[in-house]
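**Q** Following the hints, complete the assembly by docking chains Z and Y onto the known chain X.
As a plain string of letters, each chain reads:
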Amino acid sequence: VTFTVRQLAEWVRGEVLGDGELRIANARTLSDAQPGDITFVEHDRHLTAWHNSRASAAIVPQSVPVNGRPIIRVADPLMAFVHIVQQLRARPAEASPSISSAAHVHPTARIAPGVSVGPFAVVGEGSDIGQGTILHPGAIIGRCCKIGADSVLHPHSVLYDDCILGNRVVIHANAVIGADGFGYRTQNGQHNKVPQLGWVEIEDDVEVGAGSTIDRGTFGPTRIGMGTKIDNQVMIGHNCKIGKHNVLCSQVGIAGSTTTGDYVVMAGQVGIADHLTIGDRVTILAKSGVAANIPSGSQVLGYPATPHKEQVRILNSMEKLPQIRKDVARIKKHLKLEDG
Amino acid sequence: VTFTVRQLAEWVRGEVLGDGELRIANARTLSDAQPGDITFVEHDRHLTAWHNSRASAAIVPQSVPVNGRPIIRVADPLMAFVHIVQQLRARPAEASPSISSAAHVHPTARIAPGVSVGPFAVVGEGSDIGQGTILHPGAIIGRCCKIGADSVLHPHSVLYDDCILGNRVVIHANAVIGADGFGYRTQNGQHNKVPQLGWVEIEDDVEVGAGSTIDRGTFGPTRIGMGTKIDNQVMIGHNCKIGKHNVLCSQVGIAGSTTTGDYVVMAGQVGIADHLTIGDRVTILAKSGVAANIPSGSQVLGYPATPHKEQVRILNSMEKLPQIRKDVARIKKHLKLEDG
Amino acid sequence: VTFTVRQLAEWVRGEVLGDGELRIANARTLSDAQPGDITFVEHDRHLTAWHNSRASAAIVPQSVPVNGRPIIRVADPLMAFVHIVQQLRARPAEASPSISSAAHVHPTARIAPGVSVGPFAVVGEGSDIGQGTILHPGAIIGRCCKIGADSVLHPHSVLYDDCILGNRVVIHANAVIGADGFGYRTQNGQHNKVPQLGWVEIEDDVEVGAGSTIDRGTFGPTRIGMGTKIDNQVMIGHNCKIGKHNVLCSQVGIAGSTTTGDYVVMAGQVGIADHLTIGDRVTILAKSGVAANIPSGSQVLGYPATPHKEQVRILNSMEKLPQIRKDVARIKKHLKLEDG
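Chains as they are written, first to last, in this note's numbering: chain X, -3 to 336; chain Z, -3 to 336; chain Y, -3 to 336.
Incorrect hints may have been included.
As the list makes no split between identical chains, a pair holds if one copy fits it or if it spans any two.
To be verified - In silico EDC-like links for lysine to aspartate or glutamate, alpha-carbon gap of 16 Å or less:
no. : residue 1 : residue 2
1   : Lys316    : Asp335
2   : Lys189    : Asp200
3   : Lys237    : Asp28
4   : Lys329    : Glu17
5   : Lys189    : Asp72
6   : Lys237    : Asp258
7   : Lys142    : Glu121
8   : Lys322    : Asp335
9   : Lys322    : Glu306
10  : Lys142    : Glu199
11  : Lys322    : Asp40
12  : Lys237    : Glu199
13  : Lys237    : Asp270
14  : Lys332    : Glu315
15  : Lys189    : Asp157
16  : Lys142    : Asp124
17  : Lys316    : Glu90
18  : Lys142    : Asp157
Think of the hints as simulated: they come from the structure by calculation, not from any bench.
Same shape as in the complex, but just chain X (with noise of 0.2 Å):
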């Protein structure tokens, strides 16, 4: 099956401009585009891509210029392109809501109208899930758990008990929300289990990767504020208070009870000690590994997490190390210097 710009151009409401009559099959990226493809353009840096690219056609911004092939013009190049993939490539329409009769859901619980319940998938106790939700099939809630309306919570997810989730939260697939926090106590030679009984609270808007884990509250919550987004296989001890907005990379690990301001950023396998304060807009760069509180607009980098400008100087010296060694040992013997 095939469409003509034209027709692409009218799914977007955009302006076309050249041969509106191709015919397009498939719409990919700028680097993967071949002839009868139409492709996208996000900004003005990508016009060498473009001209450069395979494509027969593009979806472009208002500033870039004709060059021979037709373009369709939009305000958001992106999300049109997004729509056009989603059309041409005509999926199953997703069932319509229904509990499995393969899910076990508790007679106590609570479900909303318009929630999927999917085979295998497990409802505990008590809980209560609100309208739209979608629980793919074997994800687990354990008992007394609330979450809100329009979340999806995908394949063998996992919620211990009491835990609590707002409105459009998405849990990946093998996500673990409210496991125990590692808390013990040394007596007598051994490491006696202090029971955690808090739960975890996931504000709106916020997105959990595939395999991540944050585990309950010793007594009370542990929390991750509205809107942010957490990649997968991403640690976040107990207690800790996530703010708002913020954006954890794969592979981050949290210690208990840290606490993180809004719209921090923490690039991927970086460590955080635990009882710590972290700023509002700090930006953690990638493997850093922190120990100390760290103020508001910070960027930092290494370990330990130094101010970047700062940072950046002690790695660039420490590729000239060798050579200061050496010189030391010249300038030593050069003034007859002894070791000591």
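**A** Just chains Z and Y now, kept in the frame of chain X:
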């Protein structure tokens, strides 16, 4: 529902000082507590926090003086507080142990009395589950496994075939015990799998965190010693022998065939190379990379991991490195030494 | 049950030297073997270990001389030992392939002959499972997936919609293939999700470890090349193109849109930034952080990753840094140079 301080004191056999008739509605930690709450003071070093806390009453050790608000003196304030929290938050009673009709138990499996098997849990051929053990929904036990008494397997934890768990072992959600070790031989440009024929043996009182993975040995066991506590997202390679009462924090990775002594502590994101021997009572600080054996009693830090004091001197000097670099250039200029 | 050395030799078509009538009860590695056991010697460099081993007999390569105990000479001692271990530990036969009545297979799914589908496994609408493939209990296959022949999906592994697996692919327990990439645009203070419309393509003979996550592409594929082996808890971001015969050790993280060549090796806990190109036959040592392209054939180490020899010189100098610092201070004092 509220209770008097005196009633709470009776629950924990504590001594009331001050107004025993004051009514308490909730129990929260020092920093979270509100008027009407009881809190707890664990050490004298929390006296200022108790002074500043909004709590109406506290459970305290013998050493804490009266400060106007009612207190309950006990030997172990943390455990007394745990008890009070559990009483105040009356949860629905656990269902009595039973084998869900929606579980899948092989007819040759031996299930002791008092075992709980949740819906969608699986027990494989020839496996043996000890008295009082709980298999939560979706826990999967392979073939020929043996689990002791009073163990808990949380939702979607997985045991591959032949694994052995002791008594009172806790495996958290989505942990995987006994997957194949990462063993290949490269022949003619292909990585050919070495069959992983061993198993995993986990001794009594071990806890394994959510999403952690412990690989089976190549021919024999990967072993986790008695009382060892493993946090979330920890990886233990094939053929490792982890000692007793170790504490392995989140995101630690231990490559194959490494052995640890007893009472080893690894902080978050530590990595240990393969075929190493870590002595007793070694502490490895966060994010360290260990590439050599470590003698008993050491505390190490950094990459490569170095005795802690030495590494701190190195890290302190690194901060000065840009200045040292400038100084050396200045000295060379002063001495009219050429580069070289 | 015991067997004579001669019987074992017949199993592996080896040549017996010494007492072929000696009876063997068990097979263990050199270090674990006890009297009555057979063991194996893989290389000449294990001769001392064989000399010291308590084993009663050994499987050896041609080069190992007789030392008093019976030996079985074979071309490939490791594989011969594997064969003997498998024979000695007679396991219950695998059940013949069947589709569990407790599985949930969509009526439109195509299941080839000889496929096994365990209890609580799910196969979604329009998916296609090739001959001889095994879906273990709780494996979940989304909609419109395509899996080749003789692949194995271990318990609770998850494929999101549209994923493509080749032949002889192994996905270990709790691995997640095709979850959404971590893509957002920040607009008006909110991180708005970029829909992730791509998929994951895994070529023949790939193995993916327990708990690993490979995200779907934004518009096209995330691709894993033929014969690549991925350990546990590895994270591969959206749009990555991983080459053929790579070896990615545990807890490696690769950010989005990075490309690797063939025969790349990454040791444990390595992190790679996004949009990079790693050449063929690159080796990246443990815990390295890669922030720039790496040319083919390099061996790199450290943060930022640097050619291995260079980094070793830097690390060696770092040990001397506190002394260098003292020396520089002494020189400045000697020369009466002021700070500055």
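**Q** Which numbered conditions among the earlier hints are violated in the structure presented, ordered from lowest to highest?
**A** 4, 11, 14, 15 and 17
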